[in-house]
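Single-letter residue listing:
There are 2 protein chains.
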Amino acid sequence: MNIYVDGMGGDNSPGEIVQGCIMAAKSFNRKICIIGEEQKLYAELDKQEYVKELIEVIPSLEVITNNEDPTIAIRRKKQSSLVIGLQRIKADRRSILISAGSTGALLAGGTLIVGRIKGIQRPALTVMLPTKKGFSLLLDAGANVDCKASYLQQFAIMSSIYVEELLGVTKPRVGLINIGSEEKKGNELTKETYGLLKETDVNFVGNIEARDIPEGNADILVCDGFTGNIILKLMEGLGLFIFDALKKSIISSTRAKIGGLLLKPALKIFKKRFDYTEVGGAPLLGVNGGIIKAHGNSDRKAIYNAIKQGIEFQEKNIIDKISNKIVKVQE
Amino acid sequence: MNIYVDGMGGDNSPGEIVQGCIMAAKSFNRKICIIGEEQKLYAELDKQEYVKELIEVIPSLEVITNNEDPTIAIRRKKQSSLVIGLQRIKADRRSILISAGSTGALLAGGTLIVGRIKGIQRPALTVMLPTKKGFSLLLDAGANVDCKASYLQQFAIMSSIYVEELLGVTKPRVGLINIGSEEKKGNELTKETYGLLKETDVNFVGNIEARDIPEGNADILVCDGFTGNIILKLMEGLGLFIFDALKKSIISSTRAKIGGLLLKPALKIFKKRFDYTEVGGAPLLGVNGGIIKAHGNSDRKAIYNAIKQGIEFQEKNIIDKISNKIVKVQE
Numbered sequence: 440m441n442i443y444v445d446g447m448g449g450d451n452s453p454g455e456i457v458q459g460c461i462m463a464a465k466s467f468n469r470k471i472c473i474i475g476e477e478q479k480l481y482a483e484l485d486k487q488e489y490v491k492e493l494i495e496v497i498p499s500l501e502v503i504t505n506n507e508d509p510t511i512a513i514r515r516k517k518q519s520s521l522v523i524g525l526q527r528i529k530a531d532r533r534s535i536l537i538s539a540g541s542t543g544a545l546l547a548g549g550t551l552i553v554g555r556i557k558g559i560q561r562p563a564l565t566v567m568l569p570t571k572k573g574f575s576l577l578l579d580a581g582a583n584v585d586c587k588a589s590y591l592q593q594f595a596i597m598s599s600i601y602v603e604e605l606l607g608v609t610k611p612r613v614g615l616i617n618i619g620s621e622e623k624k625g626n627e628l629t630k631e632t633y634g635l636l637k638e639t640d641v642n643f644v645g646n647i648e649a650r651d652i653p654e655g656n657a658d659i660l661v662c663d664g665f666t667g668n669i670i671l672k673l674m675e676g677l678g679l680f681i682f683d684a685l686k687k688s689i690i691s692s693t694r695a696k697i698g699g700l701l702l703k704p705a706l707k708i709f710k711k712r713f714d715y716t717e718v719g720g721a722p723l724l725g726v727n728g729g730i731i732k733a734h735g736n737s738d739r740k741a742i743y744n745a746i747k748q749g750i751e752f753q754e755k756n757i758i759d760k761i762s763n764k765i766v767k768v769q770e
Numbered sequence: 440m441n442i443y444v445d446g447m448g449g450d451n452s453p454g455e456i457v458q459g460c461i462m463a464a465k466s467f468n469r470k471i472c473i474i475g476e477e478q479k480l481y482a483e484l485d486k487q488e489y490v491k492e493l494i495e496v497i498p499s500l501e502v503i504t505n506n507e508d509p510t511i512a513i514r515r516k517k518q519s520s521l522v523i524g525l526q527r528i529k530a531d532r533r534s535i536l537i538s539a540g541s542t543g544a545l546l547a548g549g550t551l552i553v554g555r556i557k558g559i560q561r562p563a564l565t566v567m568l569p570t571k572k573g574f575s576l577l578l579d580a581g582a583n584v585d586c587k588a589s590y591l592q593q594f595a596i597m598s599s600i601y602v603e604e605l606l607g608v609t610k611p612r613v614g615l616i617n618i619g620s621e622e623k624k625g626n627e628l629t630k631e632t633y634g635l636l637k638e639t640d641v642n643f644v645g646n647i648e649a650r651d652i653p654e655g656n657a658d659i660l661v662c663d664g665f666t667g668n669i670i671l672k673l674m675e676g677l678g679l680f681i682f683d684a685l686k687k688s689i690i691s692s693t694r695a696k697i698g699g700l701l702l703k704p705a706l707k708i709f710k711k712r713f714d715y716t717e718v719g720g721a722p723l724l725g726v727n728g729g730i731i732k733a734h735g736n737s738d739r740k741a742i743y744n745a746i747k748q749g750i751e752f753q754e755k756n757i758i759d760k761i762s763n764k765i766v767k768v769q770e
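Taken in order, these protein sequences are the chains called A and B. Going by our numbering, 669 is the number at position 230 of the first sequence; the sequence numbering is gapless. Going by our numbering, 466 is the number at position 27 of the second sequence; the sequence numbering is gapless.
None of these hints come from the bench; they were simulated from the model. Note that CB positions come from ideal geometry on N, CA and C, so glycine has one too. It is possible that some hints are incorrect.
What the hints assert, rightly or not - Label pairs and their in silico Cβ distance ranges:
| hint | chain 1 | residue 1 | chain 2 | residue 2 | range |
| --- | --- | --- | --- | --- | --- |
| 1 | A | K479 | B | G607 | 46 to 56 Å |
| 2 | B | I708 | A | N505 | 47 to 57 Å |
| 3 | A | K479 | B | N505 | 53 to 63 Å |
What the hints assert, rightly or not - Here are the simulated DSS-like pairs of lysine-lysine, each with C-alpha atoms no more than 25 Å apart in a straight line:
| hint | chain 1 | residue 1 | chain 2 | residue 2 |
| --- | --- | --- | --- | --- |
| 4 | B | K755 | B | K767 |
| 5 | B | K686 | A | K686 |
| 6 | B | K587 | A | K672 |
| 7 | A | K672 | A | K470 |
| 8 | A | K623 | B | K587 |
| 9 | A | K686 | B | K687 |
| 10 | B | K703 | B | K572 |
| 11 | A | K672 | A | K587 |
| 12 | A | K710 | B | K710 |
| 13 | B | K767 | A | K571 |
| 14 | B | K767 | A | K710 |
| 15 | B | K465 | B | K486 |
| 16 | A | K707 | B | K710 |
| 17 | B | K637 | B | K557 |
| 18 | A | K710 | B | K703 |
| 19 | B | K696 | B | K707 |
| 20 | A | K672 | B | K710 |
| 21 | A | K703 | B | K755 |
| 22 | B | K707 | A | K587 |
| 23 | A | K687 | B | K637 |
| 24 | A | K587 | B | K623 |
| 25 | B | K755 | A | K687 |
| 26 | B | K630 | B | K587 |
| 27 | A | K687 | B | K710 |
| 28 | B | K587 | A | K624 |
Claimed, not checked - Chain A is faced by these chain B residues, among others (derived, beta-carbon under 8 Å):
| hint | residue |
| --- | --- |
| 29 | N468 |
| 30 | G581 |
| 31 | E627 |
| 32 | E631 |
| 33 | L635 |
| 34 | T666 |
| 35 | L677 |
| 36 | S692 |
| 37 | I697 |
| 38 | L702 |
| 39 | A705 |
| 40 | L706 |
Model the full structure from these sequences, guided by the hints.
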């Protein structure tokens with residue numbers, strides 16, 4: 440298994456990416472290949488102490504940014520860190536790629552270059568949402584804006600395998616994101632999906648209303664990519680909004696300032712619960728290779744955790760397990 | 440203009456509803472008709488001081504709850520406070536009805552009993568969302584789970600009139616809820632809607648991503664009822680989740696408890712920004728009568744504000760203005 444990391448993706452590249460790779464290489468005693476502009480990567484590496492044998496630099500000449508059309512960028516920028524990484528994992532299905540770069544390009548490249556697992560209609564982007572009880576895995580978080588019920592059924596099957604194997608949850612509970620708890624509630628897509636999921640060999644627990652997402656009553660939350668993206672982005676935006684408003688309240692008076700100071704350690708623990716760096720990344724499920732998307736904001740710790748996740752993803756043979764299951768369902 | 444209030448709807452009925460009506464009757468010097476079970480309403484009224492001439496009790500025998508199928512309930516429970524209220528406003532388009540009861544039943548009854556404004560394809564449920572700059576009006580918040588682009592176009596037209604007339608915003612900015620800011624982003628519905636809104640006589644400012652909703656960069660947020668309901672419910676659930684987590688942080692240590700105590704006044708102001716009682720309610724736009732939906736949790740202040748809103752809705756002839764505009768658009 441080769442471990443490839445996109446050294447040029449994300450807000451904190453290449454510095455934090457390189458440091459995350461050094462941490463992971465040392466901790467897991469595995470060689471990590473960082474793809475990126477040689478000069479920049481070595482400039483970062485030279486600042487650190489690391490075991491030379493465990494870090495390989497794979498040179499790339501271009502970078503795909505968030506502002507480009509993902510499909511065009513994937514087709515044109517053959518020398519970009521992302522395209523090189525995707526081609527590597529296409530050549531060896533046992534290897535993994537971690538990137539904190541453009542989600543759209545990773546999705547487009549995952550399908551165009553790496554391809555889907557046989558039998559999978561659409562790959563899905565997953566994301567971990569914080570809840571009262573820990574985390575729930577949401578999918579699709581934005582790969583497929585228009586979905587059929589059969590896609591959502593496959594999302595439920597794939598994610599059940601992933602969550603059981605990687606997160607150690609026995610028979611993970613699958614919830615369908617909907618606007619009411621009763622079976623007949625929802626739009627055409629959710630009503631049809633409900634019927635399909637009832638007949639599928641997953642632990643389907645019914646509809647989950649958006650207001651109950653934070654309760655954590657399902658390990659997996661299934662929805663179309665438009666809805667999933669709305670949920671993901673709204674949680675981010677609202678979290679920032681509330682923390683911002685809270686900060687403003689704290690600096691509003693001397694009394695409040697002292698209160699805020701006393702509360703600081705407790706608020707730190709509070710904020711930690713919303714910390715994506717603890718989670719690292721989330722896989723693109725359904726592509727025929729190990730692709731882990733790290734948060735665009737990833738620091739070294741997030742990259743370290745994403746690499747850890749990628750290694751486990753491959754060690755547990757998630758792709759083979761999904762592939763076998765899908766073949767069985769279709770028989 | 441007659442003002443009807445559903446005395447039996449909502450979590451705090453009839454006590455808080457009756458008190459909200461007494462406050463509004465006195466403040467606006469208008470007669471208010473409360474519909475409900477006579478004995479219960481008089482029991483509440485007898486506890487208060489009020490001008491007898493300004494409060495009329497209209498007897499009803501049944502209540503529609505949140506747990507019933509809305510359409511069946513509207514058809515069967517002819518003697519319910521809600522159905523009686525809807526029949527009153529059907530008989531006199533100048534009157535208004537305020538209810539904190541079942542949203543589903545209000546929607547079903549609005550269409551089945553009161554009917555749509557001529558030319559309007561679907562009525563929409565509106566809701567006010569708190570933002571950094573105040574509030575944005577979101578519609579559809581759940582009346583129509585499957586929408587056509589032409590419905591969303593009409594939502595934009597109707598709400599532009601409402602927000603300009605009632606909230607005093609000149610040329611209110613209309614945003615389309617979407618998963619990217621560029622024109623070509625989104626699902627089939629949002630792409631088609633984008634094209635329509637560009638050609639419509641409203642102040643269309645383009646796509647608004649869910650993470651930017653709290654920024655308040657649009658006065659109106661247009662989307663289908665499935666997406667709108669997800670947004671509304673997630674905001675509620677996440678708000679509660681964060682406040683709850685914050686409370687737990689505050690009681691986690693003595694130090695934090697003292698901090699929390701000092702912060703209390705500031706936190707109160709902070710929480711007030713998320714207070715729906717300040718807003719009161721939101722109209723069901725597109726029905727041929729003034730229907731204001733108050734929050735299910737409404738207290739007296741919320742009911743008072745919802746009544747105020749209803750009076751203005753009728754005084755400003757919103758229905759006629761929507762009707763005239765829709766006729767013009769169709770010509």
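Do the hints match the structure? See the list:
no. : hint                         : verdict
1   : A:K479 to B:G607: 46 to 56 Å : holds, 54 Å
2   : B:I708 to A:N505: 47 to 57 Å : violated, 37 Å
3   : A:K479 to B:N505: 53 to 63 Å : holds, 59 Å
4   : B:K755 to B:K767             : holds, 19 Å
5   : B:K686 to A:K686             : holds, 15 Å
6   : B:K587 to A:K672             : holds, 24 Å
7   : A:K672 to A:K470             : violated, 35 Å
8   : A:K623 to B:K587             : holds, 21 Å
9   : A:K686 to B:K687             : holds, 18 Å
10  : B:K703 to B:K572             : holds, 23 Å
11  : A:K672 to A:K587             : holds, 22 Å
12  : A:K710 to B:K710             : holds, 18 Å
13  : B:K767 to A:K571             : violated, 51 Å
14  : B:K767 to A:K710             : violated, 52 Å
15  : B:K465 to B:K486             : holds, 16 Å
16  : A:K707 to B:K710             : holds, 20 Å
17  : B:K637 to B:K557             : holds, 24 Å
18  : A:K710 to B:K703             : holds, 19 Å
19  : B:K696 to B:K707             : holds, 16 Å
20  : A:K672 to B:K710             : holds, 22 Å
21  : A:K703 to B:K755             : violated, 50 Å
22  : B:K707 to A:K587             : violated, 46 Å
23  : A:K687 to B:K637             : violated, 37 Å
24  : A:K587 to B:K623             : holds, 21 Å
25  : B:K755 to A:K687             : violated, 37 Å
26  : B:K630 to B:K587             : holds, 11 Å
27  : A:K687 to B:K710             : holds, 12 Å
28  : B:K587 to A:K624             : holds, 19 Å
29  : N468                         : violated, 38 Å
30  : G581                         : holds, 6 Å
31  : E627                         : holds, 6 Å
32  : E631                         : violated, 12 Å
33  : L635                         : violated, 18 Å
34  : T666                         : holds, 6 Å
35  : L677                         : holds, 5 Å
36  : S692                         : holds, 6 Å
37  : I697                         : holds, 5 Å
38  : L702                         : holds, 3 Å
39  : A705                         : holds, 4 Å
40  : L706                         : holds, 6 Å
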